[in-house]
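Visitor: Based on the sequences and whatever the hints tell you, model everything.
If you read the protein sequences in the order shown, they are chains X and P. Taking the numbering used here, I'd label the letters of the first sequence as residues 1 to 559. Taking the numbering used here, I'd label the letters of the second sequence as residues 1001 to 1163.
These aren't lab readings, by the way, just hints derived from the structure by calculation. Be aware that one or more of the hints could be misleading.
Here are the simulated BS3-like cross-link-like pairs (lysine-lysine), alpha carbons at most 27 Å apart as the crow flies [as the list claims (entries may be wrong)]:
(1) K1090(P) to K1066(P)
(2) K175(X) to K1055(P)
(3) K1062(P) to K293(X)
(4) K1066(P) to K139(X)
(5) K1118(P) to K175(X)
(6) K106(X) to K1092(P)
(7) K290(X) to K1062(P)
(8) K1055(P) to K293(X)
(9) K306(X) to K1066(P)
(10) K1118(P) to K306(X)
Since the model is a prediction, treat every value here as computed from it, not as a measurement.
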Amino acid sequence: MSGARSLMVALEKEGVDIAFGLPGGANLPIYDELYKSNIRHILARHEQSAAHMADGFGRVSRRPGVCFATSGPGATNIVTGIATAQADSAPMVAITGQVPLKMIGKDAFQESDIIGISNPIVKYAFQPTSATEIPEVVKKAFYISSTGRPGPVLIDIPKDVQQNEAEIPFPSEVKIRGYHPWVDPDITQIERAIDMLLSAERPIILAGGGVIISGAFAEIQSIAELLMIPVVTTFKGKGSFPENHPLSLGPIGMHGHAEANKMMTEADCVLAAGSRFSDRSVGTFEEFEKRLKIIHMDVDPAEIGKNQTTTVAIVGDVKASLRIMVKMLVQKAIRRNGDYPWVKRMKETKDYYRENLKLHDHPLAAAKVLRKLREVLPHQSIVTTEVGQHQMWASLFFDVIHPGTFFSSTGLGTMGWGFPAAIGAKAAKPGVPVVDIAGEGSFNMTENSLAVSVLDNLPVIVFIMNNFSLGMVAQWQRTFYDRRMMAIDLKNCPDYVKIAQAYGAQGIRAQSLDEVGNAVKTALKSDVATVIDIPIDPQEDVLPFVAPGTPLTDMILPS
Amino acid sequence: MWSIISLLVENKPGILFKVTNLFRSRNFNIDSISVGVTENPEFSRMTITTLGDEKQVTQIIKQLDKMIDTIEVKRLDEKMSVYRELVLMKIKVSKPSDSMEIMNIAKAFECEVHDVRKTSIMVELTATPDRINAFEDLVRGFGIIDVARTGICALARGGADES
Chain X
1 MSGARSLMVA
11 LEKEGVDIAF
21 GLPGGANLPI
31 YDELYKSNIR
41 HILARHEQSA
51 AHMADGFGRV
61 SRRPGVCFAT
71 SGPGATNIVT
81 GIATAQADSA
91 PMVAITGQVP
101 LKMIGKDAFQ
111 ESDIIGISNP
121 IVKYAFQPTS
131 ATEIPEVVKK
141 AFYISSTGRP
151 GPVLIDIPKD
161 VQQNEAEIPF
171 PSEVKIRGYH
181 PWVDPDITQI
191 ERAIDMLLSA
201 ERPIILAGGG
211 VIISGAFAEI
221 QSIAELLMIP
231 VVTTFKGKGS
241 FPENHPLSLG
251 PIGMHGHAEA
261 NKMMTEADCV
271 LAAGSRFSDR
281 SVGTFEEFEK
291 RLKIIHMDVD
301 PAEIGKNQTT
311 TVAIVGDVKA
321 SLRIMVKMLV
331 QKAIRRNGDY
341 PWVKRMKETK
351 DYYRENLKLH
361 DHPLAAAKVL
371 RKLREVLPHQ
381 SIVTTEVGQH
391 QMWASLFFDV
401 IHPGTFFSST
411 GLGTMGWGFP
421 AAIGAKAAKP
431 GVPVVDIAGE
441 GSFNMTENSL
451 AVSVLDNLPV
461 IVFIMNNFSL
471 GMVAQWQRTF
481 YDRRMMAIDL
491 KNCPDYVKIA
501 QAYGAQGIRA
511 QSLDEVGNAV
521 KTALKSDVAT
531 VIDIPIDPQE
541 DVLPFVAPGT
551 PLTDMILPS
Chain P
1001 MWSIISLLVE
1011 NKPGILFKVT
1021 NLFRSRNFNI
1031 DSISVGVTEN
1041 PEFSRMTITT
1051 LGDEKQVTQI
1061 IKQLDKMIDT
1071 IEVKRLDEKM
1081 SVYRELVLMK
1091 IKVSKPSDSM
1101 EIMNIAKAFE
1111 CEVHDVRKTS
1121 IMVELTATPD
1131 RINAFEDLVR
1141 GFGIIDVART
1151 GICALARGGA
1161 DES
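Guide: Right under this line is the structure:
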C-alpha cells in the first residue's frame, strides 16, 4: 500500500467523509487517492478558504475539519486559516504536501518550511518520514486536535513518502506520553466555588468559548437558574446562554452590551467558565480585579493565572466541571431566590440601558437591520460573521436564542473568515440555514468561495451590511485620529448583486427594512447561495465602545 | 529573579526549536540553555535558566508543560539542587610573571589547565555560575582572549524531586 493510500484509509477510519482543499504538485499522490476514495472533496478557490471551511466545519460538528494544500505557497496560504483556528481553539487537521525528503533544505521549487513557519500557531505538527508512520500520525493528529483544548494539527507529508509502497500498520489506539488532555476536576475546589457564589452579594457568570466548545449549555443554564446569577458572556461565548433569557446580559467587552459591562464591573464574584480573559473582553482589568473573586474553570491549566489572578481554579473540561457543580447543588438542594438586591439591580440596569441608549437614526441602522434578520431567521440557524463593525453589531443586536449557533473569528479577527466558514458549517449541518453576517470589506477577501457554494451545493446566505468602506478602521479614524480618513473608502465597488450572479448565485439588493426581511425569506427558500447587499449608513459607529487600554467602566455611549 | 527550569522532553529533531520558539513567541527570556540526552535515549534533558518574576516563571512552566513533547517540567530550588556550568577561557600572557599568577589563581579555583603557551593559557573550570564569574573577575586584568560557557546543567538533589 502507498503512503497516500494509507492516509485515505486512516482518514476514513477517523470518520472523515468530507475534506476541503486544493491540489498541487506535491500533493498529487494524495489527490489520486481521493479520486478512489469515498471522501467528498470540496475544491476551494484559495487554500486560506479551504482552511476556514474546515474550521467552520470543525466548530459546528465539534470534530476536526480536514483541509488539504500543496507545498510552498499552498502551505503558506493556509497559515492564516491555521492561526485563526488556533486562536479560537477550533479542531482542524491540515494536511500539506511537501517536496521529497531528499529535496528538503535545498530550496526546491515550491518548498516552504511549513513545520517551522506554523510552529507557534499549531497545537502540534507532524512530518512523517516514511509511509509506515502515516496511519499512526493521523490517529495522533485527530486525538490531539479534538481532545482537551481543541486546536489545529498539521501533517506535512513529503511527496516521496506519499508515493512509497510499504507494509503499513494501522494502530487501533495511540499513546502520547507527554499529552494529558483530560484532568478530573477537583471536587473540593468546586465546593469552594459554590460557597463563594453563595456568600457573594453580587455574583456573575462569565461564559466563554469553552462553554460552546464543550457544549455545556444545559449546565450553565442550570447553575444560573438554581442560584439566580446573571450571565454575561465573552464575545466568543456569545450564545452559550440564550440571549432572550431573563438572566442574560449578553457579551461584555470593547463592544459589549452596556448592561453587561456595567454589571461585570459591579460584581464581587465571577464564575468564569472557559474564558481566557482576553483584552478585548475585559479591557484593563486590574482596577476591579482587586475587589473581584475569580473562580476560573478551564481545560487548559496554562490559562489559569495567565491574564489575571484567580481565587479558585478548577482545571478540567468545563462541561464536566459544571455538571459536578449542578449535581452538588441538586443533591444538597441548594437554591437561591431571585429576590436578592443584585437581581433587582440587574433588571434595573438592563431596563435602563435598553430604554435609554439611543439607537442610530437611519432607516437601515444596524440595530434595525439585524433585528429584522433575527425576526425572519429560524432560531436553530447557524450564523457566522466576518470581522469588523458588522461583527460587533451582530454581537450587540443579533440575539442568539438557540445555544451554540453563533460562530466568529473572535481571537485572531480574520477578515474573510465568515463566508468560507459558513460553507464549512453548511457541510456539517446541511439541514439548517446558514447565514454569514458580513461587511463588504471582509466578504471581498474570500468572495471567490461563491463558486464553491454554488457548484458544491452548499447554499449559504451572505448578509452584507455594506457601508462602502472599511468601517471599523473608519470608526477608529473618526474617534482617535481626528477624522483623518485614510485608506478606508471602497467606493461601492464591486456590485455585489452582479458578483453573485456572475457565480450563478442569487443577488438581491435590499434598500428598506421590508426588503431586507423579504430578501432573507427569499434566500431561505433558495437552492443556491444568496448574497443580500444592504446599503447602510457609512457614518454609523459601533456603540458602546470601550477604548483599548481602558477599563470596561469607561464606555463611550451613543449621544 | 533567576530561576532554573529542568525539562525532560522527547529526544526528537526539532524539539529545541520548539522550546526556544515558545520562549520567543511568549516574550520570555532565556538566560542559558543546555541540552543533552538522558540515560534513556528516548529523552533529552534541557536545563534552562531564565529571568522573570514569579508570575512569569509560573506561566513559562505551564506553557512548557503544555507542550506535547514535554514529559516533565520542574523548577529547581537552588538550595535543593546541584547545578554547574563549564567554562573554557583563554587568558592573555603579556609578561613572564603573568603565567605564574594565572596558574596560581587557576589552582585556587581547581581549574584544569590546558594549552599553555608563551602568549596565552587556556583553563577549564566547572563550577556554579557565581564562582565562574568570580574567577573571570580575577583574571580579567590579564586580558581575556576568548570565553566559551556551556550554560548550567542541573539536577534536583536526592529526595528533593520526590515531593
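Visitor: Measure nothing beyond the straight line between the CA atoms of K175(X) and K1055(P); if it is 27 Å or shorter, mark the hint as holding.
Guide: 32 Å, violated
Visitor: Starting from K306(X), check that the Cα of K1066(P) is at most 27 Å away, please.
Guide: Answer holds: K306(X) to K1066(P) is near 13 Å, not above 27 Å.
Visitor: Quickly compare the C-alpha distance for K1118(P) and K306(X) to 27 Å and report which way the hint goes.
Guide: Since the Cα atoms of K1118(P) and K306(X) sit roughly 57 Å apart, the hinted pair is violated (cutoff 27 Å).
Visitor: CA of K1055(P) to CA of K293(X), is that 27 Å or under?
Guide: It holds: about 18 Å lies between the C-alpha atoms, which stays within 27 Å.
Visitor: Decide if the proposed pair is consistent with the structure: K1118(P) and K175(X), CA atoms, cutoff 27 Å inclusive.
Guide: Violated. K1118(P) to K175(X) sits at ~60 Å, over the 27 Å cutoff.
Visitor: Under the criterion that the straight-line Cα-Cα distance not exceed 27 Å, is the pair K290(X), K1062(P) satisfied?
Guide: Distance of about 24 Å is within 27 Å: holds.
Visitor: Need the status of pair K106(X), K1092(P): alpha-carbon distance at most 27 Å?
Guide: Between K106(X) and K1092(P) the Cα gap is close to 43 Å, so the pair fails against 27 Å, i.e. violated.
Visitor: With a cut-off of 27 Å on the C-alpha distance, tell me whether K1090(P) and K1066(P) pass.
Guide: This hinted pair is violated, its Cα atoms lying about 41 Å apart.
Visitor: Does the structure keep K1062(P) and K293(X) at a Cα separation of 27 Å or less?
Guide: 22 Å, holds
Visitor: Assess, step by step, whether the Cα of K1066(P) is no farther than 27 Å from the Cα of K139(X), and give holds or violated.
Guide: Distance of about 20 Å is within 27 Å: holds.
Checked against the numbered hints above, the structure violates hints 1, 2, 5, 6 and 10; every other hint is satisfied.
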